[in-house]
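Engineer: Listed here are the chains, written in short residue letters.
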Amino acid sequence: MKRAEVIDLVEGLTLREAFNRTLSELADEDPRVVMLDADNATATTEGVFAAAHPERFLQMGAAEQNMVGVAAGLATMGFVPFVTSYACFQVFRAHDQVRVLLAQTGLPVRLVGQSAGILTGLTGKTHQSIDDVATMRAMPGMTVVAPGDEHETRAVLRWSLEFSGPVYIRLARGSAPLLFDSSYTFESPSAIVVREGRDPAILSTGLQTSRVLAALPGLVAGGLDPVVVHIPTLKPLDEESIVEVARRAGRVVTVEDHTVLGGLGGAVAEVLSARHPVLLHRIGIDDRYAESAGHDELVERYGISPAAVARSILSWASATVGLAPAVS
Amino acid sequence: MTALSATDEVRLRELARRVRVEVVRAVYRGGGGHLGASLSAAELLVALYFTELRIRPDDPQWDGRDRFVLSKGHAALGLYATQALRGYFPIEEMASFGQLDSRFQGHPDMTRLPSLDISSGALGVGFSAAVGMALGSRLRGSSERTWTMLGDGECQEGEVWEAAFIAGRYRLDNLVAIVDLNGYQVTGWPGRTAGTQVPPWPLRALGRQWAASGWSVIAVDGHDVAAVVSAFERARAVRDRPAVIIARTLKGQGVSFMRGVHSRAITAAELGQALEELGEAS
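Each protein sequence line maps, in turn, to chains A and B. If you're matching positions, the first sequence starts at 1 in the numbering used here and goes up one per residue. If you're matching positions, the second sequence starts at 329 in the numbering used here and goes up one per residue.
Here chain A stands alone, though its shape is the one from the complex (with noise of 0.2 Å):
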């Protein structure tokens, strides 16, 4: 298992502002690379490629499930399309899309899904994805990632160019601290620890990896030594690293910005509950949409914060003292 451990949260780059320059940057490099924009973009964001590419920046307008179709077709032509708009869109309003030209094909469309989870801004439940995960992950063929910085987010791009299928890349919106450098190199699948421990195991996905770093101190003070790992793919899941890391710390928790029903905490049940059953503690949001409020109030809200997951975690980890093995 790869391990990086995260010494300080430093801020990075914003994972649209990283896809942005990456894509770019990729586009420079690689003819295949186009976008596809279904009328999100603005000056400083996707307007960056759509500026330094104009050529290669396609706007479809508002028209979700066109714009999927028109990436399949540009697929067949021996490009690499690029299709961005706000998860919830990509995912559910061009759902039949994806499945139909995309999974059930294996043609290389890369969906870049913005603003996925619950951090949307005050847009509220309509253009929050907190069920995109599941959705994804139940589509035989399609692989879903979900990056935890703005170097993650280039690796995952850069490697994506020589994926021969589809790929789903949840970009979730906010703060982004550093989980890694820019040496970071992405495979699929993977698991990094970025914190070394013993009990128990908390494993994260996407930006949510931070808001645990961040919990740390917390769960420190409570008299815990987690393993913190971060696990990018959500399908194909790195179910060596999972079992592994589960046997070591005898309790795992998983930690989402999603719904705790076919998320993360879905898949490491399948998983563990096959291979190596043990206490599983699944935070997330629990099983109700959200609503259009300030960031930081809706991951206290939602149970997500870094505050919340560290309650949550204590709470759970009291509770459960003497019902997990003895850690070896």
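No wet-lab data here; the hints were simulated from the structure. Do not rely on the hints blindly, as some may be mistaken.
With beta-carbon atoms standing in for the labels, derived distance ranges [as the list claims (entries may be wrong)]:
| # | chain 1 | residue 1 | chain 2 | residue 2 | range |
| --- | --- | --- | --- | --- | --- |
| 1 | A | Glu162 | B | Asp391 | 41 to 49 Å |
| 2 | A | Glu17 | B | Gln427 | 29 to 37 Å |
| 3 | A | Val271 | B | Pro418 | 42 to 50 Å |
| 4 | B | Gln484 | A | His95 | 45 to 53 Å |
If you only want the chain A side, here are some residues facing chain B, beta carbon under 10 Å, derived [what the hints assert, rightly or not]:
| # | residue |
| --- | --- |
| 5 | Ala52 |
| 6 | Arg56 |
| 7 | Ala63 |
| 8 | Met67 |
| 9 | Gln97 |
| 10 | Arg99 |
| 11 | Ser315 |
Treat the numbers as computed from the prediction; the structure is a model and nothing was measured. Heads up, the beta-carbon is just placed ideally off N, CA and C, and yes, glycines get one too.
Start from chain A and add chain B according to the hints.
Structural biologist: Positioned in the frame of chain A, the structure of chain B alone reads:
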């Protein structure tokens, strides 16, 4: 404009007849299938594959080929029969339709059959992919054209108008859509007389809808091969905008008891009658 010679016209008619025969046989053997839409599109498909498309049946993935997307994927049997007659694969292989491991799926599956430029079947999705292909040719500066066929019922899908709008916006004059206006859909809307249906789209209304999306509109009798071939030539000559050919056809054309039928199985007796009507000794 080059007129179709009398010999070619006879040949295309005969090919369309053979497509119908193969479709009826495949549905009989397979125990069911979408007959009506394949029967209405027979002349359109053979005219495309035998007079219009620049293709290499012995090299189906040749990068310079014209693309064809059967967006009304339920006419798959008609497409398979046409491609078989054009030399992509032996017509005998169609006997596998309806069996496990067949390359001939109920709706076109590009992962099984290299002569298919995209998978389709969910209505509307193929058309969007065709727009992507035409856009791709323009982006890479290559001269292949993209043709696609939609059903009239299919034109009720919202995605069709999303795609039509974008093709119009980008003025994709390397793209031609054919609407097989066969006048029926599965349930449809009841007409004034009991047992009749109102067509999915009246011709004029549908034409106005395409024109409003920035398309050049051509109407044609879809069973008149000479008229179809000349409509193709006119569509190909359109500059600065995409062209749509609205082809008036009859669902189930060629087999009297299949008029308006979307899909069903046929009995041995019906097979005999259908082949007789199609001038084929059973």
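Engineer: Give a verdict on every hint.
Structural biologist: We went through each hint and held it up to the structure:
no., hint, in the structure
1, A:Glu162 / B:Asp391: 41 to 49 Å, "violated (20 Å)"
2, A:Glu17 / B:Gln427: 29 to 37 Å, "violated (53 Å)"
3, A:Val271 / B:Pro418: 42 to 50 Å, "holds (46 Å)"
4, B:Gln484 / A:His95: 45 to 53 Å, "violated (19 Å)"
5, Ala52, "violated (16 Å)"
6, Arg56, "holds (7 Å)"
7, Ala63, "holds (4 Å)"
8, Met67, "holds (8 Å)"
9, Gln97, "holds (5 Å)"
10, Arg99, "holds (8 Å)"
11, Ser315, "violated (47 Å)"
In summary, the numbered hints that this structure violates are 1, 2, 4, 5, 11.
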